[in-house]
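Novice: Chain by chain, the residues:
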Amino acid sequence: MKLDQKRRVFLKGSVAATTVGFAVGAGLLTPGTVLAAWNQSAFDAKAIDKAISAAVGNPTTTPSDKITIKAPDIAENGAVVPVSIVANLDGVDTIALLVEKNANPLSAIFHLPKGTLPDVSTRVKMGKTGDVVAVVKAGGKLYSARKGVKVTIGGCGG
Amino acid sequence: MSLSRREFLRLLGLAGAAGLLPASAFSAARKPSDLYEIPRFGNLTLLHMTDCHAQLNPIYFREPSVNLGVGAAKGRPPHLVGKQFLKHYGLEPGSIEAHAFTYLDFDELARKYGKVGGFAHLATLVKRLRAERGDGNTLLLDGGDTWQGSGTAYWTRGRDMVGACNLLGVDVMTGHWEFTYLDKEVIANIGEFKGEFVAQNVSVNEDALFDYRFADFEGFDEDSGLAFKPYTIKVVGGMKVAVIGQAFPYTPIANPQRFIPDWTFGIQDERMQSIVNRVRETEKPDLVVVLSHNGMDVDLKMASRVSGIDVIFGGHTHDGVPAPMLVSNRGGKTLVTNAGSNGKFLGVMDLEVSKGRLKDYRYRLVPVFANLLPADAEMQAYIDKVRAPYKEKLERKLAVAEETLYRRGNFNGTFDQIICDALREVKDAQVSLSPGFRWGTTVLPGQEITMDHVMDQTCITYPETYRREMTGKDIKDILEDVCDNLFNPDPYYQQGGDMVRVGGLDYVCNPTETMGRRISNMQLDDGTPIEPDKKYIVAGWATVGSKSPGRPIWEVVSEYLERQGTVKIKKLNTPRLVGVKGNPGLGS
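If you read the sequences in order, they're chains A and B.
Residue numbering for the first sequence follows numbering that gives the first Met the number 0, beginning at 0 and increasing consecutively.
Residue numbering for the second sequence follows numbering that gives the first Met the number 0, beginning at 0 and increasing consecutively.
The following block holds chain A by itself, in its conformation from the complex (with noise of 0.2 Å):
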């Protein structure tokens, strides 16, 4: 079971065509730095401070509006919603990505050696309409932006 968790988010982390994806695909991250770094106390967490807390060392983040999430609206798919994070900030070494309203909020951690851009993406699963949260640590600095993805029930369009 905690293989199998280990092993779906890594491939989270690598499938997305992304400069992380590429960066496994160069050599740069080799999946033994993405397991090593492997958090288990920060995806086990079930409150989102403490999940943020384990990520990055500090629950306590600034807002900014340097980082840009992409996400839908609505969720075509709750079991699959697309999210890219950027950060347009200097040193960035770590975006962590959350999922408020999941039981385990957190749902990705994303390690940058130096000199990547600061640009992700996967796929995060959503139980429900919520806030997805992008917690950049960059230059020692703890920064945040959220947003609102609706996962609907049972739409009746026009």
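Just so you know, these hints were derived from the structure itself, not from any lab.
From a predicted model like this one, the values you see are computed outputs, not experimental measurements.
A virtual CB, placed ideally from N, CA and C, is assigned to each residue, including glycine.
Do not rely on the hints blindly, as some may be mistaken.
In silico DSSO-like pairs for lysine-lysine, Cα to Cα no more than 30 Å straight-line [what the hints assert, rightly or not]:
hint, chain 1, residue 1, chain 2, residue 2
1, A, Lys127, B, Lys534
2, B, Lys73, A, Lys127
3, B, Lys472, A, Lys127
4, B, Lys475, A, Lys45
5, A, Lys146, B, Lys475
6, B, Lys332, A, Lys69
7, B, Lys475, A, Lys127
8, A, Lys100, B, Lys332
9, A, Lys127, B, Lys546
Examples of chain A residues toward chain B, derived with CB under 7 Å [as the list claims (entries may be wrong)]:
hint, residue
10, Pro71
11, Asp72
12, Ile73
13, Glu75
14, Lys149
15, Thr151
16, Ile152
Following the hints, position chain B against chain A.
Specialist: For chain B alone, kept in the frame of chain A given last:
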């Protein structure tokens, strides 16, 4: 934001000074046929139809008596009904325009002015306007929801409408219900369509791109991943006009994803901005318009966020809006229209364009009255031919209406109540649910209800019914979810349908509340409160997630109607509304 009444009147005044005063201002002194005397203006004309829902023949269509706007949309077009609507646009009560745009005195005025729409009558109007404006000076845009909504469209998988649009001369279209046929049928229909199909917001999803089944389709672009051509350039009146398509953004959510598994939608307003920028830079058009199926509130928001669009011709929400709204954005201003539904209106925008700039315009949303526009013989022959194999089945008389039967409005219409009552009775259920679609034609008191009418109200590609147990909490969750799709104050979270219709269930609704807090006091028809943990037998149809096991809804409804003989609604399960007193979207 909105063109206020004063501004509108001022524009009327300016038009009047130039001898161009819209007919409504002189309605007492003119003959009804003057409705179609639309003076030429400028150097090109864009004609816009939308959401005809495959209504080839003239029909009756009652506009809503409840069309509430909440938040910033409160009291702003299109959220005005009845007298408030007439007042805002300066229309005279009882006039032909008042009848076209509002529900007021509907039965009486429907008898007086007759049926609306019909492709043969629309064709006459289009031909006339094209002839008056001269060759090469007009473009006919179709905002979609064209291939669905009638028995013949369903049985021919939309092909009857492709033929009708080819005959009408539609130049460019986008879509929504078009995507409720199988993807291969959509591709084949577009292949038959002589105009162009555009949509900037439909992509092939990443998994499907590996081995895409329609890689040879000419609208597909492998580099961008877009499934359809995002825009087209047309020369109209000697000017270069860019038409960008915007399909209904929430198609795979509001309608089944299983028919179109490879395509992903969304509003994609950032992509819209980049396409506008690219088109302006590389194509150097004189005019940039968007043919949109967003719905009016979404279009108004998109117009405030994306700059560089001159006009958005909108549909989806079926709002018959007589004057464009003017929206400011970073780069200037954008006009936003919405052109009603069911073939009832044709939007006519005459534009003065020169050297890459829109200088001035005149706009009319022209109602198509079948009695005032003779049927075009060629189109009528085509319609007769299309209907011939199904005519007997469609014209079967099922019952007689004792009151006006309609759907359109935020909550249960009378025809919805028939569907809900039929589901409860035929399927022996305590509660029934029926989707809040905005299409479906109107039947007048005394008129015979035919199979045509039933198909108008129910005809979709996922018509199967169900009967299942749900807890009180399940029912509330559904009501809350759909209510948020309708009344979320942020239009980008709205899907553009009306509230789910209910049978056997009463409730209180506060549209101004937040998700999870709008619905209360749910009870069965006999007054028994709905309990969250208790189970109820619920019947319904049109399941989006997976195919239901029961027979098609039109069989259930026609069986029920034949049993009734004459139809009068015993009880309309419309909610008690709170929090919206005095809202101009609420009729008396």
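Novice: Sort out which numbered hints this structure fails and list those numbers smallest first.
Specialist: Of the numbered hints given earlier, the structure breaks just one, which is hint 8.
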